[in-house]
Each structure stands twice: as C-alpha cells, then as structure tokens.
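Novice: Sequence lines, in order, name chains A, B and C. In short: position in the first sequence from 1, add 359, done, that's the working numbering. In short: position in the second sequence from 1, add 31, done, that's the working numbering. In short: position in the third sequence from 1, add 11, done, that's the working numbering.
These are computed hints drawn from the structure, not numbers from a lab. As the structure is a prediction and not an experimental result, all values here were calculated from the model. All C-beta atoms in this analysis are idealised placements derived from N, C-alpha and C, irrespective of residue type, glycine included. Keep in mind that a hint or two might mislead.
In silico DSBU-like links for lysine-lysine, alpha-carbon gap of 35 Å or less [claimed, not checked]: (1) B:Lys-260 <-> B:Lys-162; (2) B:Lys-315 <-> A:Lys-472; (3) B:Lys-159 <-> A:Lys-455.
Chain A regions said to be covered by chain B (calculated; three or more residues, Cβ under 8 Å) [as the list claims (entries may be wrong)]: (4) 388-395; (5) 406-418; (6) 485-498; (7) 564-575.
To spell it out: a stretch of chain B is covered by chain A in this simulated footprint if at least three of its residues, at any positions, have a beta carbon under 8 Å from a beta carbon of chain A; those stretches are [stated by the list, open to error]: (8) 80-92; (9) 109-115; (10) 158-172; (11) 175-187.
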Amino acid sequence: MSKKKELVSKIGLRLDGRRADELRRVRCKMGVFSQPDGSAYIEQGLTKVLAAVYGPHQVRGNRSKAQHDSAIVNCQFSMAVFSTSERKKRPRGDRKSSEMSIHLRQALLAAIKVELYPWSQIDIYVEVLHADGGVYPACVNAATLALIDAGIPLKEYVCACSASLANNDIPMVDISHQEEMLGGPTLTIAALPMSEKIVLMEMSQRFHIDHLPKVMAKALKGCKDIKVILDEAVRSHVEDVGCSTGWSNTSQKIKV
Amino acid sequence: MALCEAEKTFILHSVEENFRIDGRQRGDYRPMELETNIVAPSFGSARLRLANTDVLVSVKLEIDSPTLEQPKLGKIEFFVDCSANATPDFEGRGGDNLATEISNCLSSAYKSSTAFDAGKLCILKGSKCWKLYVDILLLECGGNLYDAVSLAVKAALWDTRIPLVKSVVVDGNKVDMEVSDELFDCERLDVTGAPIMVTVCKIGDQCIVDPTTAEEHCSGGSVVVAVSKSNFSTILQTGGGSLHPMTLLESLKLGQTVAQRLDSTLINTLKQINDNSTDVGFLK
Amino acid sequence: MSNKIHIGIASDRVNPSVALNQRVPKIYTPGEVITEQNELMRGHGTYEEDGCLKSSVAGLKEEVNKLISIKPLKSRYNGEIGDVVVGRITEVQQRRWKVETNSRLDSVLLLSSVNLPGGELRRRSAEDEHMMRKYLQEGDLISAEVQNVFTDGSLSLHTRSLKYGKLSQGVLIKVFPALIKRSKTRFHNLSVGASVILGNNGFIWICPTVNTEEESVGGFIQNLEYIVPIEEREIIARIRNCILALAQSKMMLFDTSILFAFEESKKYAVAELLLPEAMVDVALLTQQRLTLLENQ
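Same shape as in the complex, but just chain A (with noise of 0.2 Å):
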C-alpha cells in the first residue's frame, strides 16, 4: 500500500490546507427564485447545490397516493450533466441518482412534520451545479434551507457531513473529491443535530470496526457544525426580510 498518500501531513493539514477537523467554506442563501414555494442555494467549498421546495399542496396526479394521517413526500436528486470534471451523459434516471433520491428523502422524513399535512403532498428538487465530493450532505443541507424557507415545520435542522480517515489512525471531516478519491473509506452521515439521533448512515468500502465509533463521532460533530451555520444564515434571512417589511402582521407590532 505505498501508493497511498498521507492525506493528513505530518504538521496536521489537509490537501487542501485545512485540519483534520475543519469544515470547508460554507455559503449560502435562502430565497433564490421566486416561483417555488421555498429555495436555498449552498456551497460546501466547491460544491454546489439549488433546491427548491413545491407545497404542501394538493396531491397531484393519482389522487388515491394520497394519506389521510400525513402528507407525500417526494424528492429527486438531479445532477447537472456538467457538474463534474468527466461529463455526466444524463442528469438523472440512472441507479446513482435514484438512490440519492431515496437517501434523501430517509432523511428529511425524519425532520418534517408530515401528520400535520393530511391529503397533501410536498416536493423537494435539488440540483447539483458542481460535485467536489461530499454531494450527498450539500443536498440535505441545501433542502433544509429551503424547506426552512417555505415555512414548513421541521423538529429541527437535519444536517449531513462526511467523515474518513486519514493515515489509518487520524479521523478527519468533510471529504473533498480529492480525498474521496485518494483516501480510504468514506462515511457520511445525515443527523438531528441538536438531539444527536442519527437518521441515515452510509458507508462505502472497508472500515475496522474499531475505527467506526471516531469516524462517526467527527460526522456528528460536522452535522453539528454545519447546524450552527445554517442557523446564523437562516437567523440573518429572517432577520432581513423581518427589517423590510417592518415586523408587520406580528404580535410585536399589535401590541403597540
């Protein structure tokens, strides 16, 4: 195994500069396009990710889908045909994109609060415009912000995040694409962060078992670190549009 190179450097930094416990840059924006009910763009270093939230509404198409204790949930992951340095042939439709459409909406089931919706359906799309590794996590991160910004309740935030391990012993957080394709195993992890419950785990190639427990620990740790900056971003966006329209149609303002 002398191919493989050290992903950690003996002073303790990545590739691409950072710690071993560091997240990429996070940016992002809520309220993108005006036509969905609620959107949000993030990037997750080079990554980025659109997702646009449709209802609830009326169920469409078969009616007889519909659930009289809760609402449908439905995503789908589609991957621009230029999103990765090898063009993709189709955007969507293959075996891969289905099964992140699956992923994602296990893990966003696990946030919404579905009983609330009877009869109604509510859609999530998300669209990745670059993947440099870790997709899967800026997909649920993204879709969060904008089921946030269509206003549809949620027990809380669900955040994603990935985590390996580098030189066989240091674990190490949010996985590049580089990383991804030098470095051993990859876990990623969608979670509830602020009740620690963890709502989907994935984990490609071979891990020791005993490595395991570390691994998860510093996923959880990124889930909980990207909460706290979705936090701020949703804090601020309520903040800003609050300001504009003057804290109108609020009990703040009644009072008065």
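Using the hints provided, position chains B and C relative to the given structure of chain A.
Specialist: Okay, now just chains B and C, sitting in the frame of chain A:
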C-alpha cells in the same frame, strides 16, 4: 396555469393598444442580467436571467474524430435539461419534449458554417477534432425560453477558451497530440456570427417579442427565428395555431430587427464584463 | 420607439433589501426551545417534546393569552374564517367547484354558497347543477370569503355578497401571503383610478375601478367587449409594477404603501419600472415615506 377569458381579453386588448400589461410596447424586451464564468469545471459558462427565466449554460470540450462525411469539421452538440426546480411538471422525464425541441432548434441554428465555423474546431483533418458540449440547464421559467437560451449559449461560447494544441504527430494510424498545459495558452472562440433566437408571438392581429408566461397563453401561434448577423439561420413555427403568410413575413421582419439589436447589446455587455469581477452566482 | 434592450451584469446587481435599522425581536428557529413551562397551549409552528415547547419553523413568537405560536415569514396560505381571498377555479364537480387559493389543499366553493343570478333566495334546482360550468368554469378567477375551515385544513368559500364573485378584466399577481397587511378592507378603490383586491392568500387583483352599484349583480357577468381605455391601462400596469417592486424588496402591501409607491414611481415610465435599479429605488423611497408617516 390556465387563464380565464377575461384575463385573455385584457391581454389581447393591451397588445392591440401597444401598451402591454407590464407597460412595454410590442417590440420591447424585459431587462436581463448576465454573468459569465460561473460554472467551475467547464471551459466556458454563462447564466442569463430574463425576468423569471433563468438559464445556466456550460461548455465542455472533448477530443473526438470528425465524421466521414465532414472530415474538416469539428463537432458541437447541444443538450437541454429542464430542471424540476423550475416547475414540478418537469419532474422525471416531464421536461423532455420541451428540451428536445429547444436543443434541436439550437443545432439547426448552429449548423450553417456562416453562423458558426465548425472548421475552426478541426485539429487534424479526418482524424482529430474538438467536440463542444453545450449543456443548458433551465432553472426557472418565466416565458420566452428560446431567446433566453440562445443569448446564454452565445455568452457561454464567448466565454469559452480552447486550449492550444502544441503539436500533432502522425505515426501510421496512430495520432499523438500534445495539448498545452499552460492555463493561459488558449484561444477564444469566434462567436460574432453565433445566431440569436427571437420568438415572435402573435396575439390577436399583432406580433410581440419577449412574451411573458401569461402572454404566451394568449398566443395564437408563434415563430422562432434564429438570426446570424443579418441572415436567418433557422425558422421554426411553434406552439400550435396557424399564421397568415403575410403575418408570417411581418413577424420574420420584426424578429430580424429585434435579433440584431439583441445581438449588439449582448456583445457590448460581454465586452464590459472583466475577468476579475467577483463571482455573484446565486449568493447575492 | 423606446426599444432599448437592457442587459445588466450580475456583479453590478443592486441589493433589493430595504431593511430598516431597528430593534430585532427574538427569532426562533426549528428545534429551539421556546419555554420549559407546559401550562401553555401550543399553536401553529410549535410542538412539544421532552416537556418543552419547541419551535418547528423560523419566525417570531406570537402570544395570545396562553396560546403560543411561531409564525414563519413565508408559507402557504393558512386560511381563517372571514378572510377575503382571490382564487382560480381548477375543477367543476358535483354541486361544488374546486378553487386554487395557494393553500395546502384546494378550497371548495359549494353551489349553495353562491348567489345565483336572479336573486339571493332562489332555490337551487337540478338545472343549476347542469348549468354550473356556465357560471364558473375552469380557469375563472373569483373573489370570495372564507366561510369555514375543515378539519383537514381545507377551506370552504362563499360569494354570498355583492362584492364577491367572478372577476372580469384585469391583472393577477401573486406574492407570498405574509406580505399582505391585515386590515379590515381588502377591496380598495384607489384614488389614482383603479381597484385593487388584496387577497389574504397573497393573490392580488388589479382592475379598472368598478361601479359597485351597477355591475355586480350576482357577480357572474363579464364584459368581454369592453375595451379598457389606455389611461386606465397605464394606471393598472404602473400599480402592477409597483406592487412587484415592493414585493421584491419584501415590503408590506396595503393601500398606503401601494399609493406611496405609485406616487414615487411617477418619475419613471411604466416599462422602466421593470429595471431592477428602478424597482429598488421605488421601494426605498416608499419605505422612507412610510417611516416618516409612522414617526409623525
């Protein structure tokens, strides 16, 4: 979105009076916004917003071999993807028909050698050429898709830089070539002739350009013209309805003048964009 | 002809925010604990977990007696009895119409909840059932009042008043419902010469000023021959663009804000109000005038 008769009547009369529901005249365009170099893993890219219509275009390059019939020409291929972000109707394969229609229209518009010189993309006659993949992603629909797409495509091609080929060695049947690794060793594509498409929409007895979604619903037929410099490169009648030959000729004329104005505005804007401007993307 | 084409550059984009510098109330985000007491009642946007009342959306707290709710800034329309809405007919069913009102479920308008031509107390016969499509068909726009909210959250509407009914010529715009300021009147005959219906559901209808005395008999009449004069068209288009400018800058919509925006927009031609710079300018000037008004 269906409109009721009364709304349609209001729009119909507004076109008749040459004062459309947003205050524009029949030949007016809505303001647009352009950004180039927005997708990192591409050789060129652009994003164009026309009111609510949002189009992202990327250009990727690959080395390919020319076809037997046209050994001296490179290749250009268009692919349109209607993202479900734009409307839930596009989910799954819902947007495929529209996508095919637009991409076919683009390929026929770029086919003519005066509109786009594919000969420049040829590296070695009969064996090596560049293949341009022009990928279009529709992010939001607010009417007038063809025009927006063609503008964004032209801007993305303008932004495209093709790496220089340093040397080509032919050894029997094997062709080896060396592409420069230098970041700045590349040349721009010549896109001055690249066609601009204009949709001319017939409402009542009048023709308008740049219809909103509501106006598109009232249309009794429309023509998409692709104009390269001052020549037509494609004419396509879309959206059902039938047109009188006289109306058709009139709309072609209108389309041509508008396309030329659009073209010169676009080139002016592209010249103003400097390379070091900060990325805006979806963040602002 | 002023057919100038405008293509802006993204890096020159103006920021549409017209946020005022003012005290920011406490903002709650999903999962945040509102209070640990549990004698309070939980309203919309909240839920109970581990004995705590938590927020499920991002927004501000509202307290009415012991009922606590968190109101998100943006969401689908949550109808309340007495609200005035503008909606579009999506389906004609037996004895009822389905209406799209930007709610999470389609609303219903029962045949028994409309005034049929020929007087309020007319009986509804089997013939009326067959004639339903003649009164209102798919695509038609109506103004109506929320009569009832069903347990699944869907709304039942009625048009049993002369001011409600089918809408004739005009323009519909959609904004998110939270931008519509709550007030008693939803129908505004603006002094500038047009009527505006600010539906609580975020659907706004702008039309030529209606003469209430004559025109609304039963509310199913549309005059499609009538050509709205150009002066009125200009006013309607200007109001439309002003409302869109205010909405883009997330400003509250009510008669005063629309009037102010209308006045401030006078320096621009109507079509110029589509330019982002002009839109933000109008919103800013309106915001300033509203602040002045408030401080007086």
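Novice: Confirm or reject each hint.
Specialist: Here's how the hints hold up against the structure:
1. B:Lys-260 <-> B:Lys-162: At roughly 24 Å apart (the allowed maximum being 35 Å), B:Lys-162 and B:Lys-260 satisfy the hint.
2. B:Lys-315 <-> A:Lys-472: holds, 31 Å
3. B:Lys-159 <-> A:Lys-455: Satisfied, since the Cα-Cα distance of roughly 33 Å is no more than 35 Å.
4. 388-395: holds (count 6)
5. 406-418: Coverage by chain B holds here, the residue count being 5 at a Cβ distance below 8 Å.
6. 485-498: holds (count 3)
7. 564-575: violated (count 0)
8. 80-92: Holds, because 5 residues of the stretch 80-92 of chain B bring their Cβ atoms closer than 8 Å to Cβ atoms of chain A.
9. 109-115: Three-residue rule met by the stretch 109-115 of chain B, so holds; n is 4.
10. 158-172: holds (count 6)
11. 175-187: violated (count 0)
This entry does not satisfy hints 7 and 11, going by the numbered hints stated previously.
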